[in-house]
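Sequence lines, in order, name chains P and Y.
All residue numbers for the first sequence refer to the numbering used here, where the first residue is 34 and numbers rise by one.
All residue numbers for the second sequence refer to the numbering used here, where the first residue is 513 and numbers rise by one.
The set of hints was computed from the structure by calculation and includes no laboratory data.
For clarity, every value in this text was computed on a predicted model and none was experimentally measured.
Be a bit skeptical, because a hint or two may be false.
[Claimed, not checked] Dumping the calculated DSS-like pairs for lysine-lysine here, alpha-carbon to alpha-carbon at most 30 Å:
| id | chain 1 | residue 1 | chain 2 | residue 2 |
| --- | --- | --- | --- | --- |
| 1 | P | Lys53 | Y | Lys557 |
| 2 | Y | Lys635 | P | Lys53 |
| 3 | P | Lys216 | P | Lys151 |
| 4 | Y | Lys635 | P | Lys151 |
| 5 | P | Lys216 | Y | Lys635 |
| 6 | P | Lys167 | P | Lys216 |
| 7 | Y | Lys680 | P | Lys53 |
| 8 | Y | Lys539 | P | Lys116 |
| 9 | Y | Lys680 | P | Lys151 |
| 10 | P | Lys115 | Y | Lys635 |
| 11 | Y | Lys577 | Y | Lys557 |
| 12 | P | Lys151 | P | Lys53 |
| 13 | Y | Lys557 | Y | Lys635 |
| 14 | Y | Lys577 | Y | Lys680 |
| 15 | Y | Lys635 | Y | Lys577 |
| 16 | P | Lys216 | P | Lys116 |
| 17 | Y | Lys539 | P | Lys53 |
| 18 | Y | Lys680 | Y | Lys635 |
| 19 | P | Lys116 | P | Lys151 |
| 20 | P | Lys167 | Y | Lys539 |
| 21 | Y | Lys680 | P | Lys116 |
| 22 | P | Lys216 | P | Lys115 |
| 23 | P | Lys151 | Y | Lys539 |
| 24 | Y | Lys680 | Y | Lys557 |
| 25 | Y | Lys539 | P | Lys115 |
| 26 | Y | Lys557 | P | Lys151 |
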Amino acid sequence: MNGIHDIGGMDNIGPVNIEKDEPVFHEDWESRVYAMTLATMGAGIFVTDEVRYMTETIPPADYLTFSYYEKWLYSLEHMMLKKNMVTREELESGEVSAPELTAGFEAASLERMAYGMKNRMPVFVDAESPPRFKAGDAIIARNINPPHHTRIPRYIRGRRGVVEMGHGIFLLPDTNAHGGPDKPQHVYSVRFSARELWGEDAPANDSLYIDLFDDYMDPD
Amino acid sequence: MTESSHRAPLSDVQLRVRALESLLTEKGVVNRETLDGIVDHYENKVGPHIGAAIVARAWMDPEFKARLLEDASTTLADQGYTGIEGSHMVVVENTDAVHNLTVCTLCSCYPWPVLGLPPNWYKSTPYRAKAVRDPRGLLREFGLELPEETAVRVWDSNAEIRYLVLPKRPEGTENMSEAELQEIVTRDSMVGTGQATLEQ
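Use the sequences and the hints to build the structure in full.
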C-alpha cells in the first residue's frame, strides 16, 4: 500500500527531536500497550506483518500526529476487534459483555514469552528452493504498487541495484499480513547507489542497502 | 482515594489503556504476570549496555570480531543475545573509509536483544524520511560531520534482518581494558548516528 508509513525520502517533515537520556517508556501506559501487543501476538492471535499492516491503515493525518505508542494502541484495539476477541461495545465500556468470544482461550504465559524474548526463531528451510540471485548479481527492483501490505518501499521501485548477500528464506509479508497463503522465499540485501536513487547531486560514494524478497526484483 | 485526588486526572489515552488491559485480562486474553514480565525485560534487562559489551569484545578480540562480521546471528545467539527482533542479525563495521547508518523507513525495526527498545527519534517520521534521502544532513543534526571521502552506507531494515553497527575504535584507547571500552560505546554509535569517542 502506498501509505503515509512509506515515508523514506520525503522532505519537510521537520527536525529530528533528540531527547537526552530518554527513558525506555515515558509513561506507564506506553509499557502496558507494548506488553499487551507482544502478549497477544505471543498467544497467536496475529502475526507481526498483520499488526504492521494495521498500523499502516491509520488515517494519514492521525499517523503523523499520534505518538508512537498511540499508534500501537490504535493497532492493538483494532486488531482485537478484527480478531473478534472483543466487541466495540466492550472496548468503549471497558466492561465484559461478550465473554463467549474468548471462552477457553489460553493467554500467553510468561514462560512462553520469555522463551521468545531470549531464543532464536527457527530459520525457515526449504531445500527445494535454491536462491535465484547471488552476490554481485545486477537486479531491478520491481515497479509494483500493491494495495495490500508490502515491504518494498516506493523510493527503490524501478531502480537498479546489486545483490550484496543472501539472508535465507522468510515468509513474504505481502501474503503473511493477510492470512496467507504462505510464500516462503529468499531475501537478499541489495545495494543501490545514492545517485541511482536520488540523482546526480547525491554523493558519489554513498549507497543504500535494503533487504528485498525474491518477488520484489527482476534480473537486470 | 484521597491520595489520587492530588494527582493529575488521567488522560483519555491512559483511561483507554486501563480499560483495555482490564478487559483483556478479565477475558483471559492476557495475564498481568506476563505483561509485567515483558515490561521488566525491556525496561530493565536489555539495552545498549549489551551492544556495548559486544563491541568492546570485538575491539579486543580479533577472532570474535571476525566471527561477528561473518555470522552475527550465530555468534550473538551463542552468547545468549538473540530473540524477538534480533534472531537474524548482521553486524556492519565502521572504518575510516566507511560509515554505516541504520534505519527502518517503513516502521521501527531495531535489534531489541542487543540494543533494547529504540529511542523515540529513531521511530519518528523525520528520522525515517531523512536517513535514506540525506544521511549526511541527518547526521549533522546529531552533531556528526563526515568527510566527503567517507562512504556512507545506509541500511534500511525493512525485512526481518536487524543491523548493528560496529563503531570504529577511537585512537588513544590502546591501553584501555574491555570494561573501560564498554563505557565509551554509546547507543548512537551502534545505530550509526554517532561515533565512539573519548570525549563524552
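Each hint tested on the structure:
1. Lys53/P / Lys557/Y: Between Lys53/P and Lys557/Y the Cα gap is close to 20 Å, so the pair holds against 30 Å.
2. Lys635/Y / Lys53/P: Given that 30 Å is the threshold and the Cα spacing comes to 15 Å, the pair holds.
3. Lys216/P / Lys151/P: 27 Å, holds
4. Lys635/Y / Lys151/P: 23 Å, holds
5. Lys216/P / Lys635/Y: 28 Å, holds
6. Lys167/P / Lys216/P: Holds: Lys167/P and Lys216/P sit about 20 Å apart, inside 30 Å.
7. Lys680/Y / Lys53/P: Holds, because 23 Å separates the two Cα atoms, which is no more than 30 Å.
8. Lys539/Y / Lys116/P: Distance ~14 Å between Lys539/Y and Lys116/P Cα, so the pair holds.
9. Lys680/Y / Lys151/P: Roughly 28 Å separates the two Cα atoms, so the pair holds.
10. Lys115/P / Lys635/Y: 25 Å, holds
11. Lys577/Y / Lys557/Y: 24 Å, holds
12. Lys151/P / Lys53/P: Holds: Lys151/P and Lys53/P sit about 28 Å apart, inside 30 Å.
13. Lys557/Y / Lys635/Y: 21 Å, holds
14. Lys577/Y / Lys680/Y: 12 Å, holds
15. Lys635/Y / Lys577/Y: 29 Å, holds
16. Lys216/P / Lys116/P: 22 Å, holds
17. Lys539/Y / Lys53/P: Judged against 30 Å, a Cα distance of about 40 Å means the pair is violated.
18. Lys680/Y / Lys635/Y: 25 Å, holds
19. Lys116/P / Lys151/P: Status holds; Cα separation ~27 Å.
20. Lys167/P / Lys539/Y: Outside the cut-off at roughly 50 Å; violated.
21. Lys680/Y / Lys116/P: 47 Å, violated
22. Lys216/P / Lys115/P: Measuring from Cα to Cα gives roughly 23 Å; hence the hint holds.
23. Lys151/P / Lys539/Y: Holds, because 28 Å separates the two Cα atoms, which is no more than 30 Å.
24. Lys680/Y / Lys557/Y: 26 Å, holds
25. Lys539/Y / Lys115/P: 16 Å, holds
26. Lys557/Y / Lys151/P: 11 Å, holds
When held up to the earlier numbered hints, the structure conflicts with 17, 20 and 21 and fits the remainder.
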